[in-house]
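A.B. asks: Work out the full structure: start from the sequences and follow the hints.
As you go down the protein sequences, you meet chains A and B in turn.
Be aware that the first sequence starts at 1, since it is given in this note's numbering, and climbs by one per residue.
Be aware that the second sequence starts at 1001, since it is given in this note's numbering, and climbs by one per residue.
None of these hints come from the bench; they were simulated from the model.
Certain hints may be false.
Stated by the list, open to error - Lysine-lysine pairs mimicking DSSO-like chemistry, simulated, CA-CA at most 30 Å apart:
1. K1013/B <-> K69/A
2. K42/A <-> K1013/B
3. K58/A <-> K68/A
4. K58/A <-> K109/A
5. K49/A <-> K69/A
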Amino acid sequence: AQSVTQLDSHVSVSEGTPVLLRCNYSSSYSPSLFWYVQHPNKGLQLLLKYTSAATLVKGINGFEAEFKKSETSFHLTKPSAHMSDAAEYFCVVSDRLSGGGADGLTFGKGTHLIIQP
Amino acid sequence: ETGVTQSPTHLIKTRGQQVTLRCSSQSGHNTVSWYQQALGQGPQFIFQYYREEENGRGNFPPRFSGLQFPNYSSELNVNALELDDSALYLCASSQDLGTGWYEQYFGPGTRLTVT
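C.D. replies: Below is the structure:
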């Protein structure tokens, strides 16, 4: 079974400083990995995805993540935090379902990102 | 392009009752997945419907069941409600083109409270 561990439940940074949200995964084969963001009272939104192409993945709103197989990590970074980045972030690994259709997604417990003015 | 919609937004039920939640998938999408998100937790995969059949299931008991209709909308039914069923229920739709990965688009969710 696949799983993800988000190493920090809360991260607090000042506006304009770098953001690092850490994620380790466990998978028996080459995984597909994602980061989703959830703003209060809004649906989950895909930030970026890794699906066995380039290991450095760029997403929306200036976020990027690097897949490191040797470390089984997929950390999310952003060079400069903005107040609008305050939200819950989820690291996700996919389970390929046998009958076609989309993958069943396995979510981490989430990291709450706080941006200090 | 219409997004994923869910109804109702909120509801309150009593332990032992049954509930039906509804999801309208995004236009052109043929796959619907349901997730349960308990307070302070990440979403957990309940099951997925693809071409009107259950395609995969997470670690949820049989009292969680579902349907997908010819227009690809979907229902999640929960029987014999328990207090621990209180959660945000998320629906996600996607389009299976048979080639590679495809994004799941999430609705805003239904907040279920069981008392």
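A.B. asks: For each hint, tell me whether it holds in the structure or not.
C.D. replies: These are the hints, each one checked on the structure:
1. K1013/B <-> K69/A: Measuring from Cα to Cα gives roughly 45 Å; hence the hint is violated.
2. K42/A <-> K1013/B: holds (23 Å)
3. K58/A <-> K68/A: holds (15 Å)
4. K58/A <-> K109/A: Status holds; Cα separation ~23 Å.
5. K49/A <-> K69/A: Measuring from Cα to Cα gives roughly 15 Å; hence the hint holds.
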